[in-house]
Amino acid sequence: MVKYFLGLSVLKSSWDQVFVAFWQRYPNPYSKHVLTEDILFREVTPDNRLISRRLLTKTNRAPRWTEKYLPSNMARSAYIIEDSIVDPQSRTLTTFTWNISHARYMAVEERCVYGVNPDNNSWTEIKREAWISSNLFGLSRALQEFGLARFKSSITKTMKGFQFILAKMQGGTPSRTLVETAKEATDKVKETALAASEKAKDLASQAQKKQQYV
Amino acid sequence: MNSVGEGCTELKREYDQCFNRWFAEKFLKGDRSGDPCIEMFKNYQQCVQKAIKEKDIPIEGVEFMGPNKEKPGS
Numbered sequence: 014m015v016k017y018f019l020g021l022s023v024l025k026s027s028w029d030q031v032f033v034a035f036w037q038r039y040p041n042p043y044s045k046h047v048l049t050e051d052i053l054f055r056e057v058t059p060d061n062r063l064i065s066r067r068l069l070t071k072t073n074r075a076p077r078w079t080e081k082y083l084p085s086n087m088a089r090s091a092y093i094i095e096d097s098i099v100d101p102q103s104r105t106l107t108t109f110t111w112n113i114s115h116a117r118y119m120a121v122e123e124r125c126v127y128g129v130n131p132d133n134n135s136w137t138e139i140k141r142e143a144w145i146s147s148n149l150f151g152l153s154r155a156l157q158e159f160g161l162a163r164f165k166s167s168i169t170k171t172m173k174g175f176q177f178i179l180a181k182m183q184g185g186t187p188s189r190t191l192v193e194t195a196k197e198a199t200d201k202v203k204e205t206a207l208a209a210s211e212k213a214k215d216l217a218s219q220a221q222k223k224q225q226y227v
Numbered sequence: 306m307n308s309v310g311e312g313c314t315e316l317k318r319e320y321d322q323c324f325n326r327w328f329a330e331k332f333l334k335g336d337r338s339g340d341p342c343i344e345m346f347k348n349y350q351q352c353v354q355k356a357i358k359e360k361d362i363p364i365e366g367v368e369f370m371g372p373n374k375e376k377p378g379s
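From first to last, the protein sequence lines are chains L and P. To convert, note that position 64 of the first sequence is 77 in our numbering; the numbers rise steadily by one, no gaps. To convert, note that position 37 of the second sequence is 342 in our numbering; the numbers rise steadily by one, no gaps.
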């Protein structure tokens, strides 16, 4: 079973500033869970596109209630690969990101396309899709709900991180409107994450009960 | 930001600085005059690829955007 997510975000900065920020966004106040960052591969193609592979290690932030279902020696940090293509001709940046560790427990894959906002060409829009799946017997639904909630909360941090770096690059503070909107979004995400966490706990305890009767 | 290879962070920082300048001032502006950071990248890569082997990070044979192939709309 796979959970699908589709979303659209907007950054009030031009495409070239966003593409520059893309490579400089770590570290930022919202990325404490990102431990290391490395470029493993980079090349300019004959048609002048830049392809890169970035390796990230992130802390493995699973909720406490999963601890009794997962191995006690499970690695605390996860490896994630982000492959990207920057096309300065079409002014697009396409990324595909997925975890190469812990995939037996949960696989999260994300595809983003960054491009010029069609309504305002001094802004940049990000079309984001994600596929979240888990194979563990009985727990998959619970983990998927959790995974989706965590993913949505990550988006808020990503956008805040971008805005922070962009504002720093441009020598100002993030616009008030964005900060206010972001706070609403964070509150909403927290509610969603909490609701999902409660639902997931409920599903997990149901799954455990089922196992006892097998 | 730290490198996954503890001893590679300095090399990474030097390379990043070179890359970020080239990326903003040349590449995005359509200047195709070539990458001035090749040497720095090589040094950084030697270090980080060694760290990856030592830590057994499973990047071997992972195709560029591999999982994207089976996704709709790719």
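What the hints contain is simulated information worked out from the structure, not anything from laboratory work. C-beta: ideal position from N, C-alpha, C; glycine also. Keep in mind that a hint or two might mislead.
Stated by the list, open to error - Just so you have them, the derived chain L footprint on chain P, three or more residues with Cβ under 8 Å: (1) 307-318; (2) 323-333; (3) 359-371.
Results of checking the hints against the structure:
Residues of the segment 307-318 of chain P lying with their CB closer than 8 Å to a CB of chain L number 6, which satisfies the three-residue condition for coverage. A count of 6 residues in the segment 323-333 of chain P with a Cβ less than 8 Å from any Cβ of chain L is obtained; the coverage claim is therefore met, three being the minimum. Evaluation of the coverage hint for the segment 359-371 of chain P: fulfilled, as 6 residues show C-beta separations to chain L shorter than 8 Å, against a requirement of three.
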